[in-house]
Amino acid sequence: MKKLKLLIATVLLAIISNAQVTTWGFDKSHSNVRFAVSHMVISEVEGNFSIFEGSVVSSKADFSDAEITFTIDVSSIDTDSESRDEHLLNEDFFDVAKYPTIDFRSKSMKNVGENKFELTGDLTMHGVTKEIILGAKYGGTIKDPWGNTKAGFKVTGTIDRTLWDLNYNSTMDSGGLVIGEEIDIVCNLELKKL
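Numbered according to this note's numbering, the sequence shown spans residues 1 to 194.
Please keep in mind that the hints were generated in silico from the structure rather than gathered at the bench. Using N, Cα and C, we set each Cβ at its ideal position, and we do this for glycine too. Treat the hints loosely; a few may be bogus.
Stated by the list, open to error - Simulated restraints, written as ranges between beta carbons of each label pair:
id, residue 1, residue 2, range
1, ASP184, GLY139, 15 to 21 Å
2, ASP92, GLY140, 40 to 46 Å
3, LYS60, ASP85, 37 to 43 Å
Said to hold, decoys possible - The calculated lysine to any residue pairs, modelled on SDA-like cross-linking and capped at a C-alpha distance of 20 Å, are:
id, residue 1, residue 2
4, LYS154, PHE26
5, LYS154, TYR168
6, LYS154, ASP92
7, LYS150, ASN32
8, LYS130, LYS150
9, LYS150, GLY54
10, LYS193, THR69
11, LYS28, LYS193
12, LYS107, SER29
13, LYS110, THR79
14, LYS137, SER58
15, LYS193, VAL128
16, LYS143, SER29
17, LYS28, VAL57
18, LYS98, VAL57
19, LYS150, GLU44
20, LYS130, ASP95
21, LYS137, GLU82
22, LYS60, GLY121
23, LYS28, ASP144
24, LYS130, GLU86
25, LYS154, LEU88
26, LYS192, PRO145
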């Protein structure tokens, strides 16, 4: 009888623990993935990726234990110039035929105070995986007018594209690079509780 009670208690504890885990998807119509890179030192080119998917799994309301997976379809790049986009997709840059996605897998999400987090994870791009650290600002969790539970984050950071073997460039007479090596990333993400 004691073994049966112990078994029942173990099963109930497992059910209760699993019930607290929440999975979130991305509301794509209210989320975006943007980037900017310097051009000839004097200006910036901005762009975005319009096709992406992923999930966030967390058991804590403050998301400090969040496990995040995020995949970007590289072919969805848009810099407001068709010829530039085609160049970015070829072998000089992303080589989309060989490397069609950019993938992020979180390792930790550390609360650093006042709704701010340090998000650490592996970024795989162009066949290379490197650990990166991004900033994440939590905007809050609400219930929308249609009864959906939503949460918002703004994720920002800077990466050096050459670490992922995205090395194409030219040097100007002044010595500056035509295309900057540092890429600024800004993602506005609205999550929907699944």
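Taking the hints in turn, this is what the structure says about them:
1. Restraint check, ASP184 to GLY139: a C-beta distance of roughly 20 Å satisfies the suggested window 15 to 21 Å.
2. In this structure the hint that ASP92 and GLY140 lie 40 to 46 Å apart at CB holds, the actual value being about 42 Å.
3. Taking 37 to 43 Å as the suggested C-beta distance range, the pair LYS60 and ASP85 conforms, at roughly 40 Å.
4. Taking the CA atoms of LYS154 and PHE26, the gap is about 13 Å. The hint holds against a cut of 20 Å.
5. As the CA atoms of LYS154 and TYR168 are separated by approximately 29 Å, the hinted pair breaks the 20 Å bound.
6. Simply put, LYS154 and ASP92 have alpha-carbon atoms about 30 Å apart, too far for the 20 Å limit, and the pair is violated.
7. With a CA separation close to 15 Å, the supplied pair LYS150 and ASN32 stays within the 20 Å bound.
8. Restraint check for LYS130 and LYS150: the C-alpha separation of about 30 Å exceeds 20 Å, so the hint is violated.
9. Between LYS150 and GLY54, the direct Cα distance comes to roughly 15 Å. Compliance with the 20 Å bound is thereby established for this hinted pair.
10. With a C-alpha separation of about 15 Å, the suggested pairing of LYS193 with THR69 holds against the 20 Å cut-off.
11. Proximity of LYS28 to LYS193 is assessed by CA-CA distance (about 13 Å); at most 20 Å being required, the pair is judged to hold.
12. At roughly 27 Å between alpha-carbon atoms, LYS107 and SER29 are farther apart than 20 Å, so this suggested pair is violated.
13. As the CA atoms of LYS110 and THR79 are separated by approximately 32 Å, the hinted pair breaks the 20 Å bound.
14. Only pairs whose Cα atoms come within 20 Å are accepted, and LYS137 paired with SER58 is accepted, the gap being roughly 16 Å.
15. Restraint check for LYS193 and VAL128: not satisfied, since their Cα atoms lie roughly 32 Å apart, outside the 20 Å limit.
16. Proposed proximity of LYS143 and SER29 is supported: the alpha carbons are some 17 Å apart, at most 20 Å.
17. Note on LYS28 and VAL57: the hinted pairing holds, with a Cα-Cα distance of about 17 Å set against a maximum of 20 Å.
18. About 30 Å separates the Cα atoms of LYS98 and VAL57, which puts this hinted pair outside 20 Å; it is violated.
19. This hinted pair does not check out: LYS150 and GLU44 have alpha carbons roughly 33 Å apart, beyond 20 Å.
20. Between LYS130 and ASP95, the direct Cα distance comes to roughly 18 Å. Compliance with the 20 Å bound is thereby established for this hinted pair.
21. Taking the CA atoms of LYS137 and GLU82, the gap is about 33 Å. The hint is violated against a cut of 20 Å.
22. Distance restraint check for LYS60 and GLY121: the Cα-Cα separation of roughly 19 Å lies within the 20 Å cut-off, and the hinted pair is therefore satisfied.
23. In summary, the hint linking LYS28 to ASP144 is supported, as the alpha carbons are separated by about 15 Å, within the 20 Å threshold.
24. At roughly 25 Å between alpha-carbon atoms, LYS130 and GLU86 are farther apart than 20 Å, so this suggested pair is violated.
25. Straight-line distance between C-alpha atoms of LYS154 and LEU88 comes to about 25 Å, which puts the hinted pair past the 20 Å bound.
26. Our distance criterion of 20 Å between C-alpha atoms is met by LYS192 and PRO145, whose separation comes to about 13 Å.
Going down the numbered hints, you'll see the structure goes against 5, 6, 8, 12, 13, 15, 18, 19, 21, 24, 25, while the others check out.
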